[in-house]
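Q: So you can see what is in the structure, the chains are spelled out below.
2 protein chains.
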Amino acid sequence: MIFGSPLLTRLVSLFKQMPGVGEKSAQRMALYVLRSERSAIEELARTLNDVKEHVGLCEVCANVSEAPQCVICSDARRSDETVCVVEQPQDIYMLERTGAFRGRYLVLHGVLSPMDGVGPEELRFGNLRQRIEQGGTREVIVATNPTVEGEATALYVSQLLQGLSVRVTRLARGLPVGGSIEFLDEATLGRALEGRQDV
Amino acid sequence: MIFGSPLLTRLVSLFKQMPGVGEKSAQRMALYVLRSERSAIEELARTLNDVKEHVGLCEVCANVSEAPQCVICSDARRSDETVCVVEQPQDIYMLERTGAFRGRYLVLHGVLSPMDGVGPEELRFGNLRQRIEQGGTREVIVATNPTVEGEATALYVSQLLQGLSVRVTRLARGLPVGGSIEFLDEATLGRALEGRQDV
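Going down the list, the sequences are from chains G and Y. Plus 282 on top of the position in the first sequence (first one is 1) and you've got this note's numbering. Plus 282 on top of the position in the second sequence (first one is 1) and you've got this note's numbering.
Everything labelled a hint here was simulated from the structure, so no lab data went into it. What you are looking at is a predicted structure, and each value in this text was computed from that prediction instead of being measured. Think of the CB as a built atom: it goes at the ideal place given N, C-alpha and C, for glycine as much as any other residue. Treat the hints with care, as some may be off.
[Claimed, not checked] Cβ-Cβ distance ranges computed for the label pairs, FRET-style:
1. R292(Y) x S440(G): 35 to 45 Å
2. G460(G) x R292(Y): 48 to 58 Å
3. E335(Y) x L437(G): 51 to 61 Å
4. E324(G) x R360(Y): 48 to 58 Å
5. E325(G) x E415(Y): 53 to 63 Å
6. A434(Y) x S321(G): 47 to 57 Å
One chain only, chain G, in its complex shape:
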């Protein structure tokens, strides 16, 4: 709440609707707007409208895109043999950064979470089974987060694709590179033991 301007109060309440933005952050953001150059805020307002006007989701993989198909789906040099299933569009950037994956993606925009009322219909599986069947895909890597919901979603994907000649894999669980065993939780260390590899 900022005392003295209904417009600023309105801006604070709009900022507060954003995920992860509380009252205090929203106030600080609104005061940033107040002391910023007018041209900077006009650009922000314009970009907000432009995003609503020109950005949508790729019709194939549901990644963010300014065209019907995203830059990855429309890149002929990438392989159809592997499809990586992720929770959020941001995850694609993290995976691309590794340089270790040259296949396609599917963005679910969430994970299965019955507790929060998120079932398969709420996620963007699209016509995954058909896409795998027709696209000659040989492996689906489920790169959901290593949480209960992430695991449940991975299980759902493997059931969805049952009967197809496609391998469904999960990202390895184990020691974080550069981490210290001394400070590791027992679940991760247990998974690292189970998944041990020859030197």
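We have chain G already, so just place chain Y on it with the hints.
A: Coordinates of chain Y only, in the frame set by chain G:
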């Protein structure tokens, strides 16, 4: 970084310029924009522009205002006898909520901090000495935060007003109401001892 849309990437970088907003928060905010109703984002964009157009600082106290003088400075029922000096506009709301203050304000928009290059010229002292002299003010309450910078600013205010027949006070330091002595830091407990009062 969001892979696939230069517009979203631009929006993320604009959000990141706001105080307290890091890369991950900015990404989450940008994706919120993407999945929001168009009308909601248009309202946000419009409100941003409206704030730049109609909101400024009160010419007397530098509180936020949509008129030359803010709602508090233009309220004839409030007393000119006391002026409360605060760091930020948000602090006014916190003080008004107590219902214990019926005077006027001065918003500095910061604190003195030589380490960060913030001297008196960077703060909005305005013509405080003149305002106190002409307004018949009898007490200036310095309600800056209980930090080194806040204390230095309080000291500066009292020096600035030296020679005037005005009392300069600080907010009391002591036990937070409802708090537990067991978990209190020694500086606060020391101040609470020093400032002890008769029952």
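Q: State for each hint whether it applies.
A: Hint check results:
At roughly 38 Å, the beta-carbon separation of R292(Y) and S440(G) lies within the given 35 to 45 Å, and the hint holds. Take G460(G) and R292(Y): their Cβ atoms lie about 32 Å apart, and the range 48 to 58 Å is violated. Distance hint for E335(Y) and L437(G): a CB-CB separation of about 54 Å, consistent with the stated range 51 to 61 Å. Remark: the range hint 48 to 58 Å for E324(G) to R360(Y) is contradicted by a beta-carbon distance near 36 Å.
Range check, E325(G) to E415(Y): Cβ separation about 44 Å, and the 53 to 63 Å hint is violated. The supplied range of 47 to 57 Å is broken by A434(Y) and S321(G), whose beta-carbon atoms lie about 35 Å from each other.
Hint compliance for this structure: hints 2, 4, 5, 6 are broken, all remaining hints hold.
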